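K.L.:
Chains as they are written, first to last, in numbering that gives the first Met the number 0: chain A, 0 to 333; chain B, 0 to 333; chain C, 0 to 333; chain D, 0 to 333.
Because the hints were derived from the structure by calculation, they are not lab data. It is possible that some hints are incorrect.
Since the list gives no way to pick one copy over another, a pair counts as held whenever it fits inside one copy or between any two copies.
Said to hold, decoys possible - Calculated lysine to any residue pairs in the SDA-like style (CA-CA distance at most 25 Å, straight line):
(1) K298 / G30
(2) K298 / R23
(3) K298 / A332
All values derive from a computational prediction rather than experimental measurement.
Protein chains: 4
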Amino acid sequence: MRFFSDNAARACPEALAAIAEADRLDTAYDGDAWSRRLDGAMSELFGTEVAALWIATGTAANSLALAALCPPHGAILCHRDAHIQVDECGAPEFYTHGAKLLLGDGAGAKLAPEAVGALAASIRDDVHQMQPAALSITNATEYGLVYTPEETAALGDLCRERGLGFHLDGARFANAVARLGCAPADLTWRAGIDVLSFGFVKNGGLSTECLVFFRPELAEATRYRRKRGGHLLSKGRYLAAQILAMLDNNVWLRNARAANAAATRLAEAAGADRLIHPVEANEIFIRVTPDEAAALRAKGFDFYDWGPGEARLVTSWDSDPAAVDALAAAIRAL
Amino acid sequence: MRFFSDNAARACPEALAAIAEADRLDTAYDGDAWSRRLDGAMSELFGTEVAALWIATGTAANSLALAALCPPHGAILCHRDAHIQVDECGAPEFYTHGAKLLLGDGAGAKLAPEAVGALAASIRDDVHQMQPAALSITNATEYGLVYTPEETAALGDLCRERGLGFHLDGARFANAVARLGCAPADLTWRAGIDVLSFGFVKNGGLSTECLVFFRPELAEATRYRRKRGGHLLSKGRYLAAQILAMLDNNVWLRNARAANAAATRLAEAAGADRLIHPVEANEIFIRVTPDEAAALRAKGFDFYDWGPGEARLVTSWDSDPAAVDALAAAIRAL
Amino acid sequence: MRFFSDNAARACPEALAAIAEADRLDTAYDGDAWSRRLDGAMSELFGTEVAALWIATGTAANSLALAALCPPHGAILCHRDAHIQVDECGAPEFYTHGAKLLLGDGAGAKLAPEAVGALAASIRDDVHQMQPAALSITNATEYGLVYTPEETAALGDLCRERGLGFHLDGARFANAVARLGCAPADLTWRAGIDVLSFGFVKNGGLSTECLVFFRPELAEATRYRRKRGGHLLSKGRYLAAQILAMLDNNVWLRNARAANAAATRLAEAAGADRLIHPVEANEIFIRVTPDEAAALRAKGFDFYDWGPGEARLVTSWDSDPAAVDALAAAIRAL
Amino acid sequence: MRFFSDNAARACPEALAAIAEADRLDTAYDGDAWSRRLDGAMSELFGTEVAALWIATGTAANSLALAALCPPHGAILCHRDAHIQVDECGAPEFYTHGAKLLLGDGAGAKLAPEAVGALAASIRDDVHQMQPAALSITNATEYGLVYTPEETAALGDLCRERGLGFHLDGARFANAVARLGCAPADLTWRAGIDVLSFGFVKNGGLSTECLVFFRPELAEATRYRRKRGGHLLSKGRYLAAQILAMLDNNVWLRNARAANAAATRLAEAAGADRLIHPVEANEIFIRVTPDEAAALRAKGFDFYDWGPGEARLVTSWDSDPAAVDALAAAIRAL
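Bound conformation, chain A alone (with noise of 0.2 Å):
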């Protein structure tokens, strides 16, 4: 019973039947059938025109979203614990060729807009410092909190006054969307995001996540950036299928409420003294002693120690109610 990461989840029955149906010859890269729907099927999904482009992994997503919104003697704000800043292996720094991040701090790994204000404020306006470009938040947090609209769109006003690029990595956007019961729309363009990653592989996909242009002219270079990464795959129409069927009925909202419901449920067992962050999404830190993590994992559960006295548990889309409820009891009993 692993509570490892939704890494490594299986992927949903509905993105295994869109590989199968996209099993037919078309044309290559992002010229067949599949591909050409993306734009149009995600510009309904937010109710604007974006450009929207398949990309295989989240760290590719996030470095090029950053390279569309930084050149390489600018600086990107992000939070100190942000997933670009601790694990990426430096993938915004190649793809922006020597962006430098600037860290922030705030709890739950969410920037506040006087911490955001704070950290542009230290740069001087002179040639020996890069200058902020681009301000990158995590929507659900690396803590597994979520910004609300408002939130968002207090960090989105403070971009358009100072002229910075705003992205969104939304490895987990789907948990934040489902936890808020917002519109699409109010987590990203209508709260000023400029570029979103838009995960799927951690909700259910098979290979693909979509980058998401709510400034879709952002996507021109982009597309050649793509490319130059060696991220034009050859058979692309097997990605695009895995989002189109995801979007379809709502796949994308029904697999993350479903993470988000077993973690509620592990959050409830553990209770207010034993959490470390408030759990908004699919992740649940806690605290529990060398014993109690030992006597977890004794009955069987997996996860990782995320620092002295302290575990992180992920759920997923399939994560095994009974082994959920196991968990919860497993805790409970500790």
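With chain A held as given, fit chains B, C and D onto it using these hints.
P.N.:
For chains B, C and D alone, kept in the frame of chain A given last:
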């Protein structure tokens, strides 16, 4: 009846079955059971110890290979018509951080040792010029010719003498091996190749190629570069599984033989006068007048116009025999 | 008596005096009185508003200019023998982050509009190829020929039509202007040039060249790139002062005329049969047998062997008239 | 009476005389008599075989040094206030092709082994994080403190244990040596330093710094990177000559002692309460109220406001003793 590109073909049943089989909870990235079997499977195939990494595209495979062999201030010798020069939007320059491609000539996109030697000798040994660091060839070539083991080894000797790394773009490596009936080792490490981009997608794979390092130590930094390039897929097991399934029972050779045989049928139909290049793999380049091209298209055959009066036909693992026969007849009837 | 290179020449008295004059306490970097006068001085010289930046080398000037005109995924059209291609160790690739140089042909290292048009037309308009973004020419060329204002303007028209930036490598711009007797404007912005690398070092400067932006807005990002390239000298005033001193009283033209005149004397001595290229600036390429070359060297003249049976002689602002006469006599005596 | 920066100072007479002396025809780039003497002169100074390259700026020196020690996917440990982090517009990122700077803390911009060890230990040993490859310290630091030989050696030991390259930003290396009265070797290779950016410009040079490689083999690729960065000046002899002249008769130490002595006089005038950092080189950071700062400026003294209630005063090799005395008196009078 499309003869555009082997990139447009379907995935073979074994690849699809492997994906279904891999659809279980397992460790993320390349820590899963399938990914961990790759080194062994490829070492067995090549009869020597290798390091093998799945990678989503041939462009990424080539670029990572070149980055392992050439510093940013070095030069890569290749044919003027090489895929890395004309079809990858500068991915080699991106991954090597700005190495220069030095272009040589030779019929059918093949390089002879004399051409490579002359190209290397054209560079002065001083800091004002980027010094040759690697040679890259394609087998089968972009025009469907093959390098024999002896031809490859002659280039390998030259690389050893000059201290050049030696890369093989094997987008159609299977077609070359199938044609020559030799051991995979004969076209690679026994002939001096350091790194192979082993193509699977054009040969029936769904979404993966394989980088094979015959000097396994070169793979170490490449693992970081792969992550940094956004190419470490979260659910890598779906890629590894395709490769393993296509190695099993020599599916890769079976597929390539089918494509080659279809091409041979078309070549025989075209005849020597019409063929621009010998047909040694699965690409056929023929002379056709605009009227002839239109006549073929009127019968439902699709293909690329390659240049004025030239057409490219590509067969694939799943070329429909009836369609091939029909096209052969149509060509004979011109 | 060395005729190796104008790079080996001394600094002219005005440049040295300017350095002594600038040896006062002043603001660091480019905030000093001299640096702040550059824009104005160059705007006056060219008769239009320009932005001008001192820069220590021609290689850096060229590379910064190209980085201002071409994105990392773009291509730069230039002559096969251009300095940016064969003598800068990939600095353009470094500063542009991996743009590709596309090489054209033409006698004497000159490009005609037809050659440039054919080169641009060889690139397919799709994401698999790096799209042409800029044209770079050298005036006077690497073989000592000049582009006239009309020839430059014809290329400028082509750039405008195709949306290409237009860069002029003017390492020997002074020699070209001196030869043609035209206004500096005629060879630059009036002919469509966007950025000029204005050479001073070969023409009697000690340690500075000047980047001149005829579209001043292009200089903004370049100021960051200059710093980022480690080219914002702490005591920039010593560089700015040299440029200003060489503009004063047209010292730059006086120097270039002296070099050109010395070259003309050598060209007359060589005669049409021996000259490989017309001599229009300060470089002379002549046919010499190995015995003839040895005979000249025996008399104390140093120069480069350029190829088999070819020698390159370069005159400079301070070529000693007696040495020039002696060499002319020695050539006549061959 | 300007106490802004040692970058704003004049060039010392020996540097100017060396330029005049080098004003002869000689081989271009670094083939001249002066450049060829650099390795020997620096080897003698340091008492070990080194490779030494002139370079126009400290930013370029630092960046080339780091590029020699750290791959693009590696990380460089340095202080949060290091010049390479806050004042070079990302030149280290540019020259290393996107390495990441990991920031540590310590009073007075000094790093202790504990801080460095903790920083290195914060990085997981997996491909998702950029692995530490080098440590860079500054001596004298950005706040005018010095590392002793023992302190440096303790860091050097840690670098050897962890396989880190060790870079010393010695923009004010002369000031540190002058202060400590030790051998230059004691602060460098004997303490584990691999590469030194040896500063001359702040210490009376006109336009050159010197890169000193204590592992001479590291210089080989650096020669290409220097050219590629546009830093191989055509008339390099003017740079080499300055360095040689400042080594002769220990001019470099004489200059540094003068600057240090002036700083000491100001520090004594300020007194312990007003000093923010100990004054161990030529920078003085003092607490001043806005009124006090205004009072000093009213008397004709110029300096930087460093933060709220803080001022930075910098002395230089040519600080006028009368001006220093006047400023000391003015500070006492506050």
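K.L.:
Hint by hint, work out which the structure violates, then give me just those numbers in ascending order.
P.N.:
Hints that this structure does not satisfy do not exist here, as all of them hold.
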